[in-house]
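One line per chain: the protein sequences are A and B, in this order. Counting from 1, one number per residue, gives the positions in the first sequence under this note's numbering. Counting from 242, one number per residue, gives the positions in the second sequence under this note's numbering.
The hints are simulated quantities; they were obtained by calculation from the structure and are not laboratory data. Be aware that one or more of the hints could be misleading.
As the list claims (entries may be wrong) - Anything over 10 Å on all C-beta distances counts as not near chain A; from chain B, calculated:
no.	residue
1	330
2	373
3	423
4	454
5	530
6	661
7	666
As the list claims (entries may be wrong) - As a list, the in silico DSSO-like pairs of lysine-lysine whose alpha-carbon atoms are at most 27 Å apart:
no.	chain 1	residue 1	chain 2	residue 2
8	A	7	B	471
9	B	308	B	471
10	A	7	B	498
11	A	107	A	60
12	B	280	B	523
13	A	206	A	135
14	B	375	B	498
15	A	14	B	498
Built from N, CA and C at the ideal position, the CB exists for glycine as well.
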Amino acid sequence: MSQVFPKWTNLIPKVIAPLAVLGLGLVSFGYVYYVDNKYWMVGYEPQQPVDYSHQIHVGKLGMDCRFCHTHVEESYHSNVPATATCMNCHTADEATDQAMLSSDLWKKHKTNKNLVTLRASFQSGEPVQWRRIHKIPDYAHFPHAAHVNAGISCYSCHGRVDQLEVVRQNHSLAMGWCLECHRAPEKHLVDNKGQMGAPVQVTDLKTVAELLASESQAQRGAELAKQKQLQPPQHCAACHY
Amino acid sequence: MTTLQPDQAAALGLVSHKPRSEYVDPATIDGTLIDDPGKRAPLVLGNRDFHSVTNTICGWIENKTPKWWPMAFIISAHIAGIGTLAILYLIITGVGVWGLQRPVMWGWDIVNFVWWVGIGHAGTLISAILCLLKQKWRVSINRFAEAMTIFAVICAGTFPGIHVGRVWMAWMLFPLPNMNWIWPNFRSPLLWDVFAVGTYFTVSLLFWYMGMIPDLATMRDRVTARREQKTTLGPIWAPHPLPGFIKNLTITLPLNKIGSWVYGFLSLGWRFSNRHWNNYEKAYLLLAGVSTPLVLSVHSVVSFDFAVSIIPGWHTTIFPPYFVAGAIFSGFAMVLTLLIPARELYPGMKDFVTARTIENMCKIITVTGSMVGFAYMMEFFIAWYGANEFEQQTFVRRAFGPYWWAYWTMVLCNVISPQVFWFKWARTSIPFIFVITIFVNIGMWFERFVIITTLSADFLPSAWRYYRASAVDVATYIGSLGIFMTLFLLFCRFIPMLAISEVKGVMKQADPHAHDHHHGNGHGNGHANGHTKGAH
Numbered sequence: 001m002s003q004v005f006p007k008w009t010n011l012i013p014k015v016i017a018p019l020a021v022l023g024l025g026l027v028s029f030g031y032v033y034y035v036d037n038k039y040w041m042v043g044y045e046p047q048q049p050v051d052y053s054h055q056i057h058v059g060k061l062g063m064d065c066r067f068c069h070t071h072v073e074e075s076y077h078s079n080v081p082a083t084a085t086c087m088n089c090h091t092a093d094e095a096t097d098q099a100m101l102s103s104d105l106w107k108k109h110k111t112n113k114n115l116v117t118l119r120a121s122f123q124s125g126e127p128v129q130w131r132r133i134h135k136i137p138d139y140a141h142f143p144h145a146a147h148v149n150a151g152i153s154c155y156s157c158h159g160r161v162d163q164l165e166v167v168r169q170n171h172s173l174a175m176g177w178c179l180e181c182h183r184a185p186e187k188h189l190v191d192n193k194g195q196m197g198a199p200v201q202v203t204d205l206k207t208v209a210e211l212l213a214s215e216s217q218a219q220r221g222a223e224l225a226k227q228k229q230l231q232p233p234q235h236c237a238a239c240h241y
Numbered sequence: 242m243t244t245l246q247p248d249q250a251a252a253l254g255l256v257s258h259k260p261r262s263e264y265v266d267p268a269t270i271d272g273t274l275i276d277d278p279g280k281r282a283p284l285v286l287g288n289r290d291f292h293s294v295t296n297t298i299c300g301w302i303e304n305k306t307p308k309w310w311p312m313a314f315i316i317s318a319h320i321a322g323i324g325t326l327a328i329l330y331l332i333i334t335g336v337g338v339w340g341l342q343r344p345v346m347w348g349w350d351i352v353n354f355v356w357w358v359g360i361g362h363a364g365t366l367i368s369a370i371l372c373l374l375k376q377k378w379r380v381s382i383n384r385f386a387e388a389m390t391i392f393a394v395i396c397a398g399t400f401p402g403i404h405v406g407r408v409w410m411a412w413m414l415f416p417l418p419n420m421n422w423i424w425p426n427f428r429s430p431l432l433w434d435v436f437a438v439g440t441y442f443t444v445s446l447l448f449w450y451m452g453m454i455p456d457l458a459t460m461r462d463r464v465t466a467r468r469e470q471k472t473t474l475g476p477i478w479a480p481h482p483l484p485g486f487i488k489n490l491t492i493t494l495p496l497n498k499i500g501s502w503v504y505g506f507l508s509l510g511w512r513f514s515n516r517h518w519n520n521y522e523k524a525y526l527l528l529a530g531v532s533t534p535l536v537l538s539v540h541s542v543v544s545f546d547f548a549v550s551i552i553p554g555w556h557t558t559i560f561p562p563y564f565v566a567g568a569i570f571s572g573f574a575m576v577l578t579l580l581i582p583a584r585e586l587y588p589g590m591k592d593f594v595t596a597r598t599i600e601n602m603c604k605i606i607t608v609t610g611s612m613v614g615f616a617y618m619m620e621f622f623i624a625w626y627g628a629n630e631f632e633q634q635t636f637v638r639r640a641f642g643p644y645w646w647a648y649w650t651m652v653l654c655n656v657i658s659p660q661v662f663w664f665k666w667a668r669t670s671i672p673f674i675f676v677i678t679i680f681v682n683i684g685m686w687f688e689r690f691v692i693i694t695t696l697s698a699d700f701l702p703s704a705w706r707y708y709r710a711s712a713v714d715v716a717t718y719i720g721s722l723g724i725f726m727t728l729f730l731l732f733c734r735f736i737p738m739l740a741i742s743e744v745k746g747v748m749k750q751a752d753p754h755a756h757d758h759h760h761g762n763g764h765g766n767g768h769a770n771g772h773t774k775g776a777h
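Given only the sequences and the hints, what does the whole structure look like? Please build it.
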């Protein structure tokens, strides 16, 4: 039998082998790229127009999340407060705050650049242009009220905001991440209605974090899911409607 | 001459080198339709030796392109093009261009899918089940039928892919890991279907290709011997006003060299060595064993698409066996539809595909057609016997409702027409068989149409609607026929249509020693191979 292939065809495996390695590398890179948290904007913490510190307000002063995010229990959307909410405390009305006028705090209060921005916003009626951090696509609906009232703490999605100087995205917000909890809600349920003793505030991030990390959570969560008759939906139309 | 028994005639032919016309008994067409159970009809006619078998089968590829081929190819390719345009239009515009309307959301697309998958059953039945049952007459049609299977399953696979509407989401048919953490519904027969058809296609393709390797190597050797010859194309035929230099244009191409490489690549280094044949025989038997359950499973799973639902008229346990019988029925009909013209068009093919082979296939058509007819009767009987009025109204509506014409076309083509094969004159008259196979192809298409139009009267009478296909539906269907024929014509032109080594294995020369049990089992390739090697 005569030779079928010319000699140069011996090169083909030598060319294909590195190409195959390259292809495999590209596929691996693509996988890592899209699965990586960075692609999903975890850790996104943009500079805000006002350097509002959750660490001071929530962590140090012990304010409840719902003092500012007022509609989280009755609305799909957890609202960002209007400037007027800030003005409840950070007012600059000299007529009503005579007692404080001489204090050092008051002086700082008057000249602090963040508060100057706030007051300017209040006087002009122009809202502060807060930058949105947590964003899911328009075709997916996330009702805050349903989750909070069912006993899912702010902590489960937003993390320890009470420790943050600047708010950052804590989880991927990918659909797989949503389903992780919908398939195993007992890992995140807290006793917000006091069904198993003293109620736990969903906004008490420190307590909730400890509870969820505790070994008894699985059993307690399962019992809560049973008592609350929770069956988190997993069908498409649960969120895509 | 009419008193001569055909095998006797063939034997005489072998020793005396008489021309074929002298030893063939005209009363039994080509001498293979013997009714005497003591005589075994020859499987290869025409006083051939191994070399002439190789020469004839390879000659269909190597000789000048037959005159009818380019015209047939151009027509088929254009029809395929129309189908592709229809699919493109569908993708650009959306599934609304089809005639789908509530409540009939499974229309021609699903009809065509099931029809093509059904047609794709003959190949594996002939290659695998008939191989295990040692039906030697299959060797002249198995390659042909397997090719038909592959192309039919390709056509079938197109339809679910475009039926999903958003074709760019068709990957969701497969359970692939993704960041959405969702999977197809493993409890849905639609997913089982993906696995069933996917497995079937893979195994059929492997079986077909593996069986072809020795023949591709034969082609490689033959074309390599002539590889320095160049082929000159042209001058082309052209309409009159074309300038002379275009008309007289000739192109010289090293086609033999290209052919040598292509066949050389595809034959995977096959050298006709004893060890190669040994492995080949084992692999062939293994694949036959793997394919055999698939013949039964694939169309059973396709029938689950309907039977697992709760629609009256679909939710029946008879569906799997009845679908399998129907699939084999339509597959054999389609093999004959293609085989009969090919047998006339390719010189010498009648020596391999004998009248008896065709008669055998007609018998299978009658058996499976009767099974299908029985299933139609049982559906009505169970509807009556089950005393479920929804089921009853479904079946009454099938036969006497708005789609009565489809139902009775189906009965005429599927139940009545194959019954003529009880008569010997019917199953030995080639033109008549051809007509009946066309009837069966039509009937089996209508069977699936009858099934899907069950949807037109669902549980909510206010939603009832008469389903009509749109022009795009029709163009897609005709287009799929074009794709099928295009692939098939390419197969006829470039691949040995008959399994050369297997045909040699059933010839008289392959088994000269009646008591040589060494060659007694298997399908006799082993012996033929030494000769194949010698023939080159």
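Hints, verified against the model:
1. Look at residue 330 of chain B: its CB is around 26 Å from the nearest CB on chain A, clear of 10 Å, so calling it non-interface holds up.
2. The beta carbon of residue 373 of chain B is kept farther than 10 Å from every beta carbon of chain A, the shortest such distance being approximately 34 Å.
3. Distance check on residue 423 of chain B: its Cβ comes as close as 7 Å (rounded) to a Cβ of chain A, failing to clear the 10 Å threshold; non-interface status is violated.
4. Residue placement check: residue 454 of chain B keeps its beta carbon more than 10 Å from all beta carbons of chain A (closest about 14 Å).
5. No beta-carbon of chain A is positioned within 10 Å of the beta-carbon of residue 530 of chain B; the least distance is around 33 Å.
6. Under the 10 Å C-beta cut-off, the non-interface status given to residue 661 of chain B relative to chain A holds; the minimum distance is some 51 Å.
7. Non-interface status of residue 666 of chain B relative to chain A is upheld: no Cβ of that chain comes within 10 Å, the nearest being about 50 Å off.
8. The suggested pairing of residue 7 of chain A with residue 471 of chain B holds, with an alpha-carbon distance near 21 Å, which does not exceed 27 Å.
9. A distance of roughly 21 Å separates the Cα atoms of residue 308 of chain B and residue 471 of chain B; the hinted pair therefore holds under the 27 Å criterion.
10. Distance hint between residue 7 of chain A and residue 498 of chain B is fulfilled; the C-alpha atoms sit about 14 Å from each other, no more than 27 Å.
11. Restraint check for residue 107 of chain A and residue 60 of chain A: the C-alpha separation of about 21 Å stays at or below 27 Å, so the hint holds.
12. As the CA atoms of residue 280 of chain B and residue 523 of chain B are separated by approximately 31 Å, the hinted pair breaks the 27 Å bound.
13. Under the criterion of a C-alpha separation no larger than 27 Å, the hint pairing residue 206 of chain A with residue 135 of chain A is consistent with the structure, at around 25 Å.
14. Proximity of residue 375 of chain B to residue 498 of chain B is assessed by CA-CA distance (about 39 Å); at most 27 Å being required, the pair is judged violated.
15. Annotation: proposed proximity of residue 14 of chain A to residue 498 of chain B holds, straight-line Cα distance about 23 Å (limit 27 Å).
Violated hints, in rising order: 3, 12, 14; the structure is consistent with all others.
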